[in-house]
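Read top to bottom, the protein sequences are chains A and B.
Quick note on my numbering: the first sequence kicks off at 1 and runs consecutively.
Quick note on my numbering: the second sequence kicks off at 1 and runs consecutively.
Errors might be hidden in some of the hints.
These stretches of chain B come out as covered by chain A in the derived footprint (C-beta under 8 Å, 3 or more residues) [said to hold, decoys possible]:
no., stretch
1, 40-48
2, 89-95
3, 133-139
4, 212-218
5, 403-415
6, 437-443
Simulated from the structure, these hints should not be mistaken for laboratory data.
The structure presented is a predicted model; accordingly, all values stated were derived computationally and were not measured.
Where is the CB? At the ideal position from N, CA and C, for every residue including glycine.
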Amino acid sequence: MAHFLARRLLLQFLVFAGVLVLTFLISHVVPGDPALLRAGPKASAETIAKIRHDMGLDRPLPIQLAVYVRELLRGDLGTSIRTQRPVITDIAEHFPATFELTTLSLLVVVAVGIPLGVLSAVRKDRLPDHFSRVVAISGVSLPVFWLGLVLIYVFFVRLGWLPGTGRLDMGVDPPPPLTGLYLVDSVAARDWEALRSSVRHLLLPVFLLSYVSLAPVVRMVRSSMLEVLGQDYIRTARAKGLAERLVLYRHALRNALIPTLTVIGLSYGTLLQGAVVTETIFAWPGMAYYAVGSMTYLDYPAVMGITLVSALIYTTVNLVVDLLYGVVDPRIRYD
Amino acid sequence: MAVRVFGWMWAVVPVVVVALLAAPLPAGSAQATPQDVLIFGSTSDVETMDPQVTVDNIAWRAIYYCYDRLVQLKGGTTEVAPQLAESWTISPDGKTFTFRLRRGVKFTDGTPLDARAVQFSFTRLLKMGKGAAGLWDGILDASGITVVNPTTIRFTLKTPFAPFLGSLATDQASIVSPGVMKHESGGDMGQAWLAGNSAGSGPFRLKEWRRGERLVLERNPTYWGRKPALRQVIIRNIPDPAVLRDLLERGEVDMGETLTDDQLDALKGKPGITVFEAPSFLVTYLYLNNKNPYLSKVKVRQAISYAIDYEGIIRGVKKGRAVQMRGPIPQGMAGHDKTVFQYTRNVARARQLLAEAGYPQGFELSLLIDPGIREWADIATIVQANLAEVGIKVKIEGFARPTMRAKLDKADFDMATGFWTPDYPDADMFTWFWFYSKNGGLAGNRSFYVNPQMDRLVVAQRQETDPAKRLALFRQIQKIAVEDAVYVYLHQAIYRIPMRDRVRGYVYNPMLLFMPNFNGISKGP
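One chain only, chain A, in its complex shape:
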């Protein structure tokens, strides 16, 4: 186990370093000059040159990279060009919103996707199976932004049931910051008004995000369940008169869960991508929202910081998934 962990952490570090160098190079060779944006639409050549120098953009690329890595090792992600604040502060402010949104969506994906996949497998080629297929396939094929706009139009503009933008109603003050997650913070502060408001604001974006990420989980559970259900030990279990639910959930699902775990881990990546569009549509002030703003501004330090943090989250989630294999199936050994 320790050996496995060490190897995985090393691998994670390599991935991380690769992501760092690649994004650094890509973002710096994109044509365009952040100094021009910072300087404004009517800046003179001297002003632009001074800003470029202050930002270190006039130095050779390898030196810029070295400086970046040195600062990174000190825990400094640099200063955002757009907001003029430390990138780490900006990320800390926007991250909880994204974490709240994506984690809830992941929970919904798991809670709905697994039973739906099981249902699909058990009722193969019958109505429930067709239904779950339609749900899953429509989720992946409908464009996220289109579906998001439809949701806003129907539930916010037409019916007026749910809010269309932001995390809280205008009149509601956010709970005292503890974790930055409004759900947690408002429960901690016993602020039920804030809790209600933030749950209502979460409903549409979480629905959208989980709906469009549902398909891989449902389809994977279905196919691995089908495979498992054909095995001898299932027949044995049934033959000895075990209740069908126990057969399904205790014996079959457990074994079908290994590939599903992998898919869930990977779908966190899909969720992070989907969050970009979702946050943009719902004016959800999260990381993705910050990322889009930073990219249109060619805000290198911000873009780098976001990419690194996302890579860190993604690789960590996948590491956790790998470790979970052993929990689900004790036969799996790590060395």
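Given chain A, put chain B in place with the hints provided.
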């Protein structure tokens, strides 16, 4: 095989959750906003609150009323009036400006506002040298700012600069409290702190800013001037204009920006809503890169100016909400010449000029646009069709904003679309910036026009202290600019902003397009 795959809980839980949350809510709950709070809907968020860093109009909206300046613009005009400075004198050579300051003013952090504070503020601006300082490049440096006594400050310019007084009414000239130095980290002169705080003496101050969500300005309790009627101004970030429009209709937002013309038309007839309209200084024009061998010829540039269907663009793209530009200086700006020649569409004349220039068969040019700006994409297709008629084949090239700007600065284009708004209320913004040969690129001369006579004229008007003589210089400049067809002067837009009927006291100032006079606005019942 009757198997329950989903337990009963699975069916019940979502129903309960939805019932708890959605059901008790009255459908379309339209809440009227409080009478002393103005809710302003904006489609983009502020980037930073530091007036000495940012040159972004959207940020200025939040910053402008947190600070005072030495002078201000009077009401809806471009005339300069006292603000922190009670009076001033200008030396005959136009280089020395001496201001007498109002007494007893304090910043919101308690620091007294005196000549030392004014000196600190301008020194910080110039020393940091961010985009905001660009206005006074080569005109003013830190050594030119002297404290005469606690209530007198003197600016000595390196060169005479007629628009100087007006330039002190801009956001960049905001007076920042020396108290920001208490928050300095790593020699940044308090930049990281001021990016998210305010330290001025204006009618409002920054109370709260949830980035991406809302920014709250509250009345400054120690303000020296007339107390604003509004207790708070909440600037809500609503990126989707369709949502903003809906919130305006419901009355959850009092004023808003930036809606499309279609949306504004739809809003116009709605009860409770007024759409304010007035001509602006926002001009749209085409850059003709003189470094291109074809475009370096006057006759080619004139031919293009004759080939464009100005009326068609105003009708088709602006739905009539613009007026054609007559020369480079827009109407309403002192110095505008009503008699200057105005190109109108004349295909025969355009063809003839091209033939005279030696291109009866025509040639090919590219037209650089940012396709993210819908208006530019529409203009580009019309220009393409117009020029095709006279034999010039136009290839439209779209690039994202940062790339487009980099190409503009490096003269890496043939023709391009552009907007321009003045930073200070003076025709200098439409002459020196546009035609001075050393301003090639983003600095303003985006046609890379070089004409020594024009250089002399645009510098002379800057240094001229006699208003009558300046006017004569502007007339000459406009005449040459139009004859030489340096740019294609398309149109001046009409500014439109929707608001609820209960919003009172809005005064439009064309110099403060994105900065409604929050300090003068009140709300009816």
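Verification of the supplied hints:
1. 40-48: holds (count 3)
2. 89-95: violated (count 0)
3. 133-139: Satisfied; 4 residues make the cut.
4. 212-218: Our answer is that it holds, as 3 residues pass the Cβ test (under 8 Å) against chain A, meeting three.
5. 403-415: holds (count 5)
6. 437-443: Since three or more residues must qualify, the claim that chain A covers the stretch 437-443 of chain B holds, with 4 doing so at under 8 Å.
Checked against the numbered hints given earlier, this structure breaks only hint 2.
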